[in-house]
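**Student:** Chain by chain, the residues:
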Amino acid sequence: MKRYVYILMAIAIGVFPLVVENTFYIYLAQTVAFTSIAVIGLNILLGLSGQMSLGQAGFYAVGAYASAILATNYGWPLYAAIPFALIVSGIAGTLVGLVALRTRGLYLAMATLAFGFIVEILSQRWVDLTGGTMGLMGVPTLDFGNFRMGPIYFFWVAGFTWLFVQIGSDYVFSSRWGRSLLAIKDSESFAQTVGLNVPIWRTGVFVLSAVLTGLAGTFFAHQNGFISSDAFSIQLSIALLVAVVIGGLGRSYGPVLGTLILLAIDEGTASLHDVSLMIYGGILLFVLLGFPEGAIGLVRKLMPSILSRALMAVPSSPAAAPLEEVFSQNRRRESVGLSIEAISKSYSGILAAQNVNLSVAPGTIHALIGPNGAGKSTVINVIAGLYGADSGRIRLGETYLTKLPAHKRARLGLARTFQNLQLIGSLPVLDNVLLGMERNVPRAGGFWRWLVDTNHERIARGQAMSILQFLGIEELAGHYPADLSYGHRKLVELARAVAQQPKVMLLDEPVAGINTHEVKEIGEAILKLRELGITVLLVEHNMDFVMRISDHITVLDYGLVIADGDPAEVRANPKVIEAYLGVEEETT
Amino acid sequence: MLDTYLQILVSGLAMGAIYTLTAKGLFIAHLATHKLNFGQGDFLMVGAFLSMSLIIAGIPVLLAALLVLIALGLLGWGLERLVIRPLDRFGISGGSTYSWILTTAGVALILQNIAELVWGKSSHYSPPLFSEGRDNVIEIAGINMFVEEILVIGFAAVVVAFFYYMLFRTRWGRAVYTVAFNPEAAMLLGINVRRTVVLVFVLASLLAGISGILVGPLITIHPHIGLMFTIKALAVAAIGGFSNPLGILIGGVLFGVAEAFSNYYDSAFGDLYPLIFVLVFLVFRPSGLFSEAQADVR
Amino acid sequence: MKSIVKSIAIGVATVLGSAQVLAMDVKVGVIQGLSGPPAIVDFGESYLQGIRMALKEYKAAGGAVDVELIVYDDEANPQRAVSYAQRLIQSDNVSAVMGTVSSGNVMAFAPILQRAGIPLIAGPSIATGITAEFIDEDPSYIFRCSMVEKFQIDKMLDWGIENFDKIGLLHSTTGYGSFAADEIQKGMKERGEELVEIQAAAPGINDLTPQMIRLRDAGAGLVLNFHESFELPYRALPRIDYKPTFAGNWGLSSQKVIDIVGQDAIEGTVMGQALDLSDPEAAAFDERMRAEFGDAYRWPVLAALGYDSGRIMFQAIENAGSDDPEAIRDAIESIQDVEAVSSTPAEPFSADDHECLDAEHVFLGVWRDGRVVRLE
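Chains as they are written, first to last, in the numbering used here: chain A, 1 to 588; chain B, 1001 to 1298; chain C, 2001 to 2376.
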């Protein structure tokens, strides 16, 4: 959203209650404002990080009760009660988030469903605390003591709070935060590999959504002066989900649009109470089966491009500099070696790797080859940190990586590609590359920079373009991975790894399944990387390729090292020939 | 004292049998497609109401049951065809990996509304299936038990046994497992994946229907009993890890019995304890009793 | 001469009278619980049936005011209830409001109506404090035409203590059940007695066998039943060899309960009542309702109170002669000559009593031979 649009929104919020005569509409607008906040929280949770929650009503209730109880029974002023309620919501979010770490997909949906259910029942039956279904009365309302102007003041507070949260949401969506969350949603392995501490992120998002939902709950509590447990049923959780889906899941303006539509439907069908459930269910089906992108998707399609250009801020990627410049901008260029000592790993009794020793000299290209099932991928995954070794040590330069989780290894300068390509499908190619730059991005001040400059990531984008240019695919920057050929996708994966400006790169079958021309290109790219001082360990089946570019080769068979030396030695080694069943010339 | 415990045990087993059957429906759908019917409990509700109306109208029990199963089977077919399969064409974007939760929930809401319009919103009782009156009590070893409950347990056991037979001893059952493992490979092996998926959802609905028929006489029914059954069936299926039918059986029985006893000891919060227990259980063993955690390896 | 003056006077009066008729078009808002848990729905639908019947008869009798009912379903959700109250006041411009089932919801929107100066006849909510909360306001806009929980409980306890040695209590864990439990325990203590056993149960529960077993083991001859699923305690009885007398609130007089439980089991059950079907007026009303609503009519006392409150409302509006809420409020408070089918008196309200039914109007009913009659 272009920045001036925010100012327009602020003016609209300020003026709205003054020009609208029917106070009922102000009341409805209040509800839209604070409910949208909860839906924004759900949008980030489900739309960005992919964690399904069927129990958001639980956080809503926690926020509402915390603030209402403190204000009503203990006389706390609202400016103290509400922040405290947010803290309590955050704690609830942390607890649920921790459970969420252990569960995925359907189980997570069930766990959150159970959570919402338990909160509802507790609020219903813990009558001493919450008043049960009779509820709490006399809850102070947010009217600053002025009865007549009260609803207008309330609307302003709710409306501007929403605006603030919406701006925050826009920030998340158009910055590394949103990108990282989408990465975690699509592939946690990938996320770890680029240095993201996945559990912290996942829990953090839960906390964020809990706090936002709790905030909405506090507004709710102080709107009517009364709350009871009847308001926090599963219907509320479903309503929030419906709102986010109708509006457009995963779009920053989905929540407010969805909430508006949902409220309009509710009010419009108020007298049709005999068929209200059918209408609700019908809308769900209609939207999900017909308009999966929600109202935002529809708006986008129908909006004339002039309007779109006037409103939307689209960052551009400036002209790219050559790769050496990109790399030279960053720290010292001394190369670092990688060694693994006595690594063993077994799965359910099968010894995938036995006592493997491997030493990659700094700034060289080292290949790890062997017949299928030899344990090559296992070794790579152990080095990267996705599997834990049963025994042995891994050393990057002088640092021992053995006990470190994968994302920490990434931050120390280890990058890898995946055999089965972990690209983030919901992001265009350039953003995938940007994800590689995670560890180099300065964290502080991000929001303010974004606020003043819609192209706040221009430097990073430029660097990403340089990398794409280096691999000859800069014209693909705006495409989505699903639209690309296999060969191009491999190049993007490589680009992302390069973007990490690693000290050591682990390439898992970088040229498998692509044509000869592309193999040559990748070969040249890897040689170039060596020139930049990067140490490379690669796994491959393409013998031609391996022989051509490797400085050193290690051969594995049945999890054991059977040969180790330069290409000529290995080629002539009888044990190697035997392991490959006498096939001297390997074809792919 | 003992007779009290036994009576509670039998009640618990009866409800547990119902939960198991409903959960098995969720299990089989999820096994083959990684999706399930969030309105499973509402399908149960429809089965209960239909069964009730037919029996009150004087139709013999077996015929009524058959009609109910046909109706539920059609519902299941309709569900798969209309609100689950169409989602496949949208691919992975936004939250569409979970769209099926909302579409099946949407169908559930519509079913509830239809039930309200047809049968009204208040509670109804369903005539007993196997015995004359609702008070039919039999004395076994000096303890009084409802005939209805015992027969529900017996009948449910038969259905479970039949289910096992289908799953593990027939070709179709093996086809389901193959599709579960790898749909593309299954297709290459000559299995009609589409038909298997449809059949799986039909079977899930039939199980919901049978549960509805059996549960009617045990409880009072109204259009909104579905959600609780869905939640409990999900909990039971979770204990079974969604992958092991034996786990589901054990889970269902345990859940029903635990629920009955915890109601006895703490009537105010009794129904919460089994659910909280399942929640905690999920934290420690996220993939259920018997299955292995799947490594997140790509 | 005299007759000319007389006819002119009559003519003038008629013209003035019909001018009033032509000007009157009053909107009355109704918020009721019409969906959600069956316990709520049964209450809400029955009460609304009574209101509708009252309106129908009012129009058929040539009522002077053109009353329009605007009905909203609050789905037992307080937020909805408040939202509809706001809507009725600000958008629909009603002059008076009636409703709703959940006492919690009533307490949520009553302050709003009081502040806005719109009269409310609350019902069928039964929480004791509904009118008491506002009675000191000058003036109070909140009235209620429904059973008051405390009155039923008082009558029940008096009768129970006199006739039974051991009394037990079964209540639900919702606000309604907990509230009733509190009132009962307080009431017992005031009378110097104690319950032998108290059992609670969740509202959506399927089986009350464990609870009934405990009550049996405590030897309770009378069980006070304050659980929304009125029929569940009966179902558990056959196999545990226990046949206590049940007493509960007016919910037990619903046709639904006897349908589910059966005539034998319900025989002798006692409940709070405000409608005596042996009274010819009441019996006639019962017939009319059955003719109009058929099987959907299942709760005589609820419908009767809805009917009476409707009659009071429409008559008061006519008496007020305008759609001004304040005038209507005054008219409600001062209404006389109410011909109620329930035990509502002819002059139900006064400046410090806004309850249709006072303690002396509530009596106990009992199921005998498939009908609810007054307990002697």
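Please note that the accuracy of each hint is not assured.
[What the hints assert, rightly or not] Examples of chain C residues toward chain B, derived with CB under 7 Å:
1. Pro2038
2. Asp2042
3. Val2196
4. Ile2198
5. Arg2239
6. Gln2255
7. Lys2256
8. Gln2263
[Claimed, not checked] Short, incomplete list of chain A residues facing chain B, as computed with Cβ under 10 Å:
9. Leu54
10. Arg102
11. Tyr107
12. Ile118
13. Leu260
14. Ile261
15. Leu263
16. Ile265
17. Met278
18. Ile279
19. Tyr280
20. Leu284
21. Leu288
22. Leu532
[Unchecked claim] When the alpha-carbon atoms are kept at most 20 Å apart in a straight line, the in silico SDA-like pairs for lysine to any residue are as follows:
23. Lys2027/C <-> Ser271/A
24. Lys2243/C <-> Trp1119/B
25. Lys2256/C <-> Ile1143/B
26. Lys2027/C <-> Arg2052/C
27. Lys2256/C <-> Val1280/B
28. Lys2256/C <-> His1124/B
29. Lys2256/C <-> Tyr1125/B
30. Lys2243/C <-> Leu1151/B
31. Lys2256/C <-> Pro1127/B
32. Lys2186/C <-> Asn22/A
33. Lys2256/C <-> Trp1119/B
34. Lys2256/C <-> Asp1003/B
35. Lys2027/C <-> Phe24/A
36. Lys2256/C <-> Ile1138/B
37. Lys2243/C <-> Asp1003/B
38. Lys2027/C <-> Asn22/A
39. Lys2027/C <-> Leu272/A
40. Lys2256/C <-> Ile1056/B
FYI, nobody ran anything at the bench for these hints, they're computed from the structure.
The C-beta atom is built at its ideal place from N, Cα and C for all residues, glycine as well.
**Student:** For every hint, state whether the structure bears it out.
**Tutor:** Hint by hint, here is what the structure shows:
no. : hint                    : result
1   : Pro2038                 : holds (4 Å)
2   : Asp2042                 : holds (5 Å)
3   : Val2196                 : violated (16 Å)
4   : Ile2198                 : violated (9 Å)
5   : Arg2239                 : holds (4 Å)
6   : Gln2255                 : violated (10 Å)
7   : Lys2256                 : holds (6 Å)
8   : Gln2263                 : violated (12 Å)
9   : Leu54                   : holds (8 Å)
10  : Arg102                  : holds (5 Å)
11  : Tyr107                  : holds (6 Å)
12  : Ile118                  : holds (6 Å)
13  : Leu260                  : violated (19 Å)
14  : Ile261                  : violated (15 Å)
15  : Leu263                  : violated (18 Å)
16  : Ile265                  : violated (13 Å)
17  : Met278                  : holds (4 Å)
18  : Ile279                  : holds (8 Å)
19  : Tyr280                  : holds (5 Å)
20  : Leu284                  : holds (3 Å)
21  : Leu288                  : holds (5 Å)
22  : Leu532                  : violated (28 Å)
23  : Lys2027/C <-> Ser271/A  : holds (15 Å)
24  : Lys2243/C <-> Trp1119/B : violated (32 Å)
25  : Lys2256/C <-> Ile1143/B : violated (31 Å)
26  : Lys2027/C <-> Arg2052/C : holds (14 Å)
27  : Lys2256/C <-> Val1280/B : violated (40 Å)
28  : Lys2256/C <-> His1124/B : holds (8 Å)
29  : Lys2256/C <-> Tyr1125/B : holds (9 Å)
30  : Lys2243/C <-> Leu1151/B : violated (25 Å)
31  : Lys2256/C <-> Pro1127/B : holds (15 Å)
32  : Lys2186/C <-> Asn22/A   : violated (47 Å)
33  : Lys2256/C <-> Trp1119/B : holds (13 Å)
34  : Lys2256/C <-> Asp1003/B : violated (32 Å)
35  : Lys2027/C <-> Phe24/A   : holds (17 Å)
36  : Lys2256/C <-> Ile1138/B : violated (27 Å)
37  : Lys2243/C <-> Asp1003/B : holds (18 Å)
38  : Lys2027/C <-> Asn22/A   : holds (18 Å)
39  : Lys2027/C <-> Leu272/A  : holds (18 Å)
40  : Lys2256/C <-> Ile1056/B : holds (16 Å)
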